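Engineer: Sequences and hints are given; from them, build the entire structure.
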Amino acid sequence: MKIVTWNINGIKARYQTVHDWLRAEDAPDVAVLQEIKSTDDAFPRDIVDGTGYTLHTHGQKGFNGVALLSKRPLEDVTIGLPGDADDEQARYIEGTVIGDTGSVRVCGLYLPNGNPAPGPKYDYKLAWMARLEARARALLAEETPFLLTGDFNVIPDARDAKRPEAWTKDALGLPQTRAAFRRLLTLGLTEAFRTRTAAPGHYSFWDYQAGAWDRNDGIRIDHFLLSPAIADCMTDCSIQADMRGREKPSDHVPVWLTLDL
DNA sequence: ATGGTAGCTGTGCTA
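For the record, in the first sequence the residue sitting at position 186 is 186 according to the numbering used here, with numbers rising by one throughout.
Nothing false has been slipped in among the hints.
27 angstroms max Cα-Cα, derived DSS-like pairs, lysine-lysine: (1) K2 / K12; (2) K162 / K121; (3) K71 / K12; (4) K61 / K12; (5) K2 / K71; (6) K2 / K248; (7) K248 / K12; (8) K169 / K121; (9) K121 / K61; (10) K248 / K61; (11) K162 / K248.
Just so you know, the hints here were simulated from the structure itself, not pulled from any lab data. Source: prediction; values computed, not measured.
Structural biologist: Set out below in structure tokens:
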């Protein structure tokens, strides 16, 4: 089973790119998208016509928004991260995907950017991460096989940035941000890409500005965190970096996870 | 210190 996460930076701007990508020979079984920047009503649902994907969106006007697409049976889709009834930002969706030998709860997330830090936006980011940790604890407690994936807006360590020193005071790289991310790992979750690739220099985001792609001035902020049972059936995790060099790209590229499931 | 780019239904905000 192939699962992919991708921050598309706007479904309207990326319609044709995503349309064609879903019809590629190696299209994923499950696609977890962030920053659809669309309401549910305005989302062009014909993007999956004839593909076999079922599509669920959790959108809002102008910003944020996540989507979950699956060619496998998809059950019990829920939206919103528990823990704050007043949170109106569309950043979280869950669904259970049925595989050949078992199922996996796929938790798709668009974690707040948090800049400028310090400030209310950074407070919101840290509070959101605490809610995510609580959700992970609950899933572990009920022994549900699951994975957290999406745009975490977290640079885990120095290997994950071309210029690590440029991010030490940024909300994506502050010590408090990294500590909150590490708390997820110490629960017993596996960071899929880092487990398979120890070397630095692998990125999932390059800013549109200042020729970041041409200089490979990137950061790795799109991740898969796997519960123990799912980590046991991982066979691959890779970054589709070439997508950043194509016509009219998103500033993020897809990250792939392959499971024997 | 600044500004560089993209995507939103915008005249600034978010990233």
